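A.B. asks: The chain contents come next:
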Amino acid sequence: MADSKLIEKHKYMVGIYDHEEKIIKAVKEVQKQGVKVHEVYSPHPIHHIDTYIGHPRTRIPIAAFLFGATGMLLAIWMISYMLAVDWPMIIGGKNFLPIPTMVPVTFEATVLISALGMVTTFFIANNMGPGKKEAMFDRRTTDNRYALIVDLDKNVAKSSEEIKVVLESLGAEANPKIIER
Amino acid sequence: MADHIQYNLEERYEFTPKLRKQLLMVIGIGLLLLVAGAVFLALDTGGGHHGGGEHHGGGHHEGGGGGEEHGYNWMTRIWANFWLNGIFFTEIAVMGVLFLAIQYLAKAGWSASFLRIPTAFGNFLPFTGGVLLIVFLFANHDLFHWTHSSLYDKAGEEYDSIIANKAPFFFWPFESGSFPVFWLARFVLYFVLWYWLYTLIKKQHLAEDNIENRLNVKHYDKATVYSAIFIVIFAVTSSTSAWDWVMSIDTHWFSTMFGWYMFASGWVSGLAVITLAVIYLKEQGYLKMVNENHLHDLGKFMFAFSIFWTYIWFSQFLLIYYANMAEETIYFYERLYGYDGIYSPMLVLNLIINFVFPFLFLMTRDAKRKAIFLKVAAWGILIGHYLDFFVMIMPGTVKENGGFFLVEIGTLLMFIGGFVLVFANTLSKYGLIPKNHPMLEESLHHSI
Amino acid sequence: MQVTSHVREPLVTNGKTMHDITQDICRQVEAKPTLAWLVAFAISVATLLIGSVALASTWWYGIGVWGLNKTIGWAWDITNFVWWVGIGHAGTLISAILLLFRQKWRTSINRAAEAMTIFAVLCAGSFILMHMGRPWLAHWALPLPNTYGSLWVNFNSPLVWDVFAISTYLTVSVVFWYVGLIPDLATIRDRAKITLEENPLLPTDTAEERKAKKAKRRPISAFMYGLLSFGWEGGAKVWARYEYVALILAGLSTPLVLSVHTIVSFDFATSVIPGWHTTIFPPYFVAGAIFSGFAMVLTLMLITRVVFKLEDYITIEHIEVMNKVIILTGSIVGIAYITEFFVAWYSGVEYESYAFINRAFGPYWWAYAAMMTCNVISPQLFWFRTIRRSLVWTFVLSIVVNIGMWFERFVIIVTSLHRDYLPSSWAMFYPTIYDVGDYVFSFGLFFTLFFLFAKFLPVINMAEVKTVLNSTDEKAKKDAEQRIREEQKQTETETVG
Numbered sequence: 345m346a347d348s349k350l351i352e353k354h355k356y357m358v359g360i361y362d363h364e365e366k367i368i369k370a371v372k373e374v375q376k377q378g379v380k381v382h383e384v385y386s387p388h389p390i391h392h393i394d395t396y397i398g399h400p401r402t403r404i405p406i407a408a409f410l411f412g413a414t415g416m417l418l419a420i421w422m423i424s425y426m427l428a429v430d431w432p433m434i435i436g437g438k439n440f441l442p443i444p445t446m447v448p449v450t451f452e453a454t455v456l457i458s459a460l461g462m463v464t465t466f467f468i469a470n471n472m473g474p475g476k477k478e479a480m481f482d483r484r485t486t487d488n489r490y491a492l493i494v495d496l497d498k499n500v501a502k503s504s505e506e507i508k509v510v511l512e513s514l515g516a517e518a519n520p521k522i523i524e525r
Numbered sequence: 005m006a007d008h009i010q011y012n013l014e015e016r017y018e019f020t021p022k023l024r025k026q027l028l029m030v031i032g033i034g035l036l037l038l039v040a041g042a043v044f045l046a047l048d049t050g051g052g053h054h055g056g057g058e059h060h061g062g063g064h065h066e067g068g069g070g071g072e073e074h075g076y077n078w079m080t081r082i083w084a085n086f087w088l089n090g091i092f093f094t095e096i097a098v099m100g101v102l103f104l105a106i107q108y109l110a111k112a113g114w115s116a117s118f119l120r121i122p123t124a125f126g127n128f129l130p131f132t133g134g135v136l137l138i139v140f141l142f143a144n145h146d147l148f149h150w151t152h153s154s155l156y157d158k159a160g161e162e163y164d165s166i167i168a169n170k171a172p173f174f175f176w177p178f179e180s181g182s183f184p185v186f187w188l189a190r191f192v193l194y195f196v197l198w199y200w201l202y203t204l205i206k207k208q209h210l211a212e213d214n215i216e217n218r219l220n221v222k223h224y225d226k227a228t229v230y231s232a233i234f235i236v237i238f239a240v241t242s243s244t245s246a247w248d249w250v251m252s253i254d255t256h257w258f259s260t261m262f263g264w265y266m267f268a269s270g271w272v273s274g275l276a277v278i279t280l281a282v283i284y285l286k287e288q289g290y291l292k293m294v295n296e297n298h299l300h301d302l303g304k305f306m307f308a309f310s311i312f313w314t315y316i317w318f319s320q321f322l323l324i325y326y327a328n329m330a331e332e333t334i335y336f337y338e339r340l341y342g343y344d345g346i347y348s349p350m351l352v353l354n355l356i357i358n359f360v361f362p363f364l365f366l367m368t369r370d371a372k373r374k375a376i377f378l379k380v381a382a383w384g385i386l387i388g389h390y391l392d393f394f395v396m397i398m399p400g401t402v403k404e405n406g407g408f409f410l411v412e413i414g415t416l417l418m419f420i421g422g423f424v425l426v427f428a429n430t431l432s433k434y435g436l437i438p439k440n441h442p443m444l445e446e447s448l449h450h451s452i
Numbered sequence: 102m103q104v105t106s107h108v109r110e111p112l113v114t115n116g117k118t119m120h121d122i123t124q125d126i127c128r129q130v131e132a133k134p135t136l137a138w139l140v141a142f143a144i145s146v147a148t149l150l151i152g153s154v155a156l157a158s159t160w161w162y163g164i165g166v167w168g169l170n171k172t173i174g175w176a177w178d179i180t181n182f183v184w185w186v187g188i189g190h191a192g193t194l195i196s197a198i199l200l201l202f203r204q205k206w207r208t209s210i211n212r213a214a215e216a217m218t219i220f221a222v223l224c225a226g227s228f229i230l231m232h233m234g235r236p237w238l239a240h241w242a243l244p245l246p247n248t249y250g251s252l253w254v255n256f257n258s259p260l261v262w263d264v265f266a267i268s269t270y271l272t273v274s275v276v277f278w279y280v281g282l283i284p285d286l287a288t289i290r291d292r293a294k295i296t297l298e299e300n301p302l303l304p305t306d307t308a309e310e311r312k313a314k315k316a317k318r319r320p321i322s323a324f325m326y327g328l329l330s331f332g333w334e335g336g337a338k339v340w341a342r343y344e345y346v347a348l349i350l351a352g353l354s355t356p357l358v359l360s361v362h363t364i365v366s367f368d369f370a371t372s373v374i375p376g377w378h379t380t381i382f383p384p385y386f387v388a389g390a391i392f393s394g395f396a397m398v399l400t401l402m403l404i405t406r407v408v409f410k411l412e413d414y415i416t417i418e419h420i421e422v423m424n425k426v427i428i429l430t431g432s433i434v435g436i437a438y439i440t441e442f443f444v445a446w447y448s449g450v451e452y453e454s455y456a457f458i459n460r461a462f463g464p465y466w467w468a469y470a471a472m473m474t475c476n477v478i479s480p481q482l483f484w485f486r487t488i489r490r491s492l493v494w495t496f497v498l499s500i501v502v503n504i505g506m507w508f509e510r511f512v513i514i515v516t517s518l519h520r521d522y523l524p525s526s527w528a529m530f531y532p533t534i535y536d537v538g539d540y541v542f543s544f545g546l547f548f549t550l551f552f553l554f555a556k557f558l559p560v561i562n563m564a565e566v567k568t569v570l571n572s573t574d575e576k577a578k579k580d581a582e583q584r585i586r587e588e589q590k591q592t593e594t595e596t597v598g
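Residue numbers (my numbering), protein chains in the order written: chain A, 345 to 525; chain B, 5 to 452; chain C, 102 to 598.
Extracted from the complex, chain A is given alone in its bound form:
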């Protein structure tokens, strides 16, 4: 098939843990033993776990800054154009374009565009949106369980049996399931 490469399925092993400290230890230990952790799913954010897994640092702040700068420039342009170019009027004896009175609206526009732009970026980057379907490895990870996912196709150095032993030795529930997707 022509597009078999695009829909190539991977096998994932799902180790389930029941405490935050266990999963942190497990991630560190598993990586130390030469197994690459694919992802960790948790009901709440775990401090620094993304760095233990080796995810690159998020660039969301840059997006926020760029959107904010855009909002600021847009507001300055809008106010200048409307008050000083398109229909100049003297109001309250001030200049056509009094800088102090531009500040409030410029500030609000900066915040608005920055916040909306950043959150939209966040949704797009995570492939999230209204009605998007989730692909959960284990539905209990939004309640009280932590899932450590190992991509078996990317960890060919160890057999799935060996990886299973590693996960279990670190406190995972017995017989971690394997999900193909």
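Just to be clear, a hint being listed does not mean it is correct.
Taking lysine-lysine and the DSS-like style, the derived pairs with C-alpha atoms no more than 30 Å apart in a straight line are [stated by the list, open to error]:
| hint | chain 1 | residue 1 | chain 2 | residue 2 |
| --- | --- | --- | --- | --- |
| 1 | C | Lys312 | A | Lys477 |
| 2 | A | Lys521 | C | Lys317 |
| 3 | A | Lys366 | C | Lys576 |
| 4 | A | Lys477 | A | Lys508 |
Sample of chain A residues facing chain C (criterion: CB under 7 Å; computed from the structure) [stated by the list, open to error]:
| hint | residue |
| --- | --- |
| 5 | Val384 |
| 6 | Leu427 |
| 7 | Pro448 |
| 8 | Glu452 |
| 9 | Ser458 |
| 10 | Lys477 |
| 11 | Thr485 |
| 12 | Asp487 |
Simulated from the structure, these hints should not be mistaken for lab results.
Treat the numbers as computed from the prediction; the structure is a model and nothing was measured.
A virtual CB, placed ideally from N, CA and C, is assigned to each residue, including glycine.
With chain A's structure known, arrange chains B and C on it following the hints.
C.D. replies: Chains B and C alone, transformed into the frame defined by chain A:
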């Protein structure tokens, strides 16, 4: 992450003779510059001839901010500089106490490991208090327009009904224009209250080092109570002292925001000094437990309160600008256009250094976690807020004779040297780490 | 490892586990509405309907039905507007400023406080629409070219700044709130989907089995919350981004929340009316806003914790901390009152002095007295630990504070206006039934929305409470004490040895 690193909790700061010598030299150089500058000024304005009561026609302005009636002489600029630095360093010293008090009241955990640093600030209060008192007693006519008794003489041609209306604020219960009892009583009260509560908090804070059982939080609780009392008193006195010491220089002018504005400026300066002190001590090998996470928080504080200062500054400016009432606008008019515009570059620079610079410079996470960036930012903020106080005080005191040269540099160096001397001396008197502080463990594991 | 000092009181009591949190919070979302909720909701809707009659009349006849006159052009309408906007400050304060200050106690109350914020801002907005008289022309407040040419809105006007500030604030608050909701919506979604997966409808089922399964299945929840949770999975990469988004939103919201009430205060302070034009207005309005917002959060949380049995999540410790914020902000407001009074005298401006003397001793002295008593004096009771930790006292005082804050705005607006520069224009303000009715409308709107929220969305942020659970439960405190005891024993044996 650094779960099992053992720190030396018994470490003490050693005030080396070498540093003492260096600091004394800084003060000496400052004094030399001051004297040189004074000679320079004296020659320039005609040999220190005292012209009290003499009328100067030149340099008359829109008549708001203060008296042109009384002649300027070169000593005024020196007194004004002592007043400026005295106020600036009083603010920094008292903000150290405030920082300590806030940490207790807010049950802050992250800061416990370096709490001894702001604790050492308060000891400078008696010195600045003394300097300010002497300056006031000797030079009140030079600095404060309202001290001239002729303003209150209804028959006299200098009678000023607006200032006469304010007289009780300065002279009560005495007669207007006589001895400013009420003003001086408040002056003494501020320093006595601040210093007294500072010693109370510090005593509990230090007593903790000797407790047998670390689960005993007796001293922690007591320090919290004293902190609450300090904050209540400081909430009122920070505003009233700002009116007394700085707002009344421009005697006609008034702004309800002024107390909070000066507080905001002092608070950022205090935070910058705390940050600098922490970084320099770390560079000398102390405070091993203070890592980039703590620095990050200090950086956040400087960043956030720089913006807060801008907010306060802008709100005050906008309202005065917008309503444009003569009795208020004169303040900014004088600073922007008055006295041949000598203060307007400083006003603009003030906004750039205190807002644009820290805002862009400290915005990223990395900048807040690296000592070198923080050092640059903190020095920038300190210079900026020195300028802020400069622009608050100088136009009303030395008017068109203001400037930044030898006298200014000399006085500033003397105060810097004195502050560091007292700070280092105080710091060497007790352990550098509050080893039994109930929050210390949180601070050691602080990670953001 | 999160380390907690032994001096911190636990924030989650009774040994709750993560699963308990999920159960306790999801319970009222998943269960049928209780009688108490139905009654409360019915009362709110009834209030809304009664208020709607007044609102309809206001719009039908025009704002002439209010008690305004030529001298007093703003009274109840703007008082109510500022009051509601002020209340709408607490949510963002709790979720943004306290996030920046890493206050863990905020996790149990931020969700409800943010929801309250949004509803309060909507109520405030409703007064803007009412006050316009012709709400169908509300878009004229936006920078759109005028029908008769290209005359734009006046960007020098604080009222235009208000349009921007409040709409931005509403938008960002909704976004912040919704981003925080997503992980919890996913929890509810997954619980519903588990019921579908565990009870599959098979063709082989008997009628009995099918009935039993259908009773357990919750397909509507699964669909609705699935739709709303945006496909949330909770991977580490997404959480890391999520934390950054929350942090930056907090960083943006903090100046935003300050700017909103600052700009509201500019509505007054940029003018040259004695009593309005004073430079302290911006920060003092912000402090007052936080003050009233916290009081409203307390009122609502004290009810919610009892009705939904959340005493283990909203503990006395939470209430005490919030009461401390009340003392702080109440005292700041008090200092601002005194500062204004002092500077009115010190300035030597006779109009200004008169305005303040008139406030305190003029015909509206009772409003001034109410404001002083409720806002400055009553919160000082919280200096007593027993009062701070008493539910009854807190509940009563939280309402007292909001009454006081309403009077504050009334005092500022009406007493400054009712004495014109022209003594022949001096007047008094008497509210009409429509003034009252429109206020009732806003209460109806507020509580209707709040009860809908409380029923259909999780009132406590489960994910955040779970984040801090290990460092804030009773075990964390005991562990900290244990650690110290062991360390001390160790040093003792070392010195003996």
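A.B. asks: Confirm or reject each hint.
C.D. replies: Taking the hints in turn, this is what the structure says about them:
1. Lys312/C with Lys477/A: OK: Lys312/C and Lys477/A at ~28 Å, within 30 Å.
2. Lys521/A with Lys317/C: holds (26 Å)
3. Lys366/A with Lys576/C: holds (17 Å)
4. Lys477/A with Lys508/A: Holds, at about 29 Å.
5. Val384: holds (4 Å)
6. Leu427: holds (5 Å)
7. Pro448: At about 4 Å, which falls below the 7 Å cut-off, the nearest Cβ of chain C leaves the hint on Pro448/A intact, so it holds.
8. Glu452: Status holds, d = 4 Å.
9. Ser458: Holds. Min distance 6 Å.
10. Lys477: Lys477/A check passes; min Cβ-Cβ to chain C is 6 Å, inside 7 Å.
11. Thr485: holds (6 Å)
12. Asp487: holds (5 Å)
In summary, the structure agrees with every hint in the numbered list given earlier.
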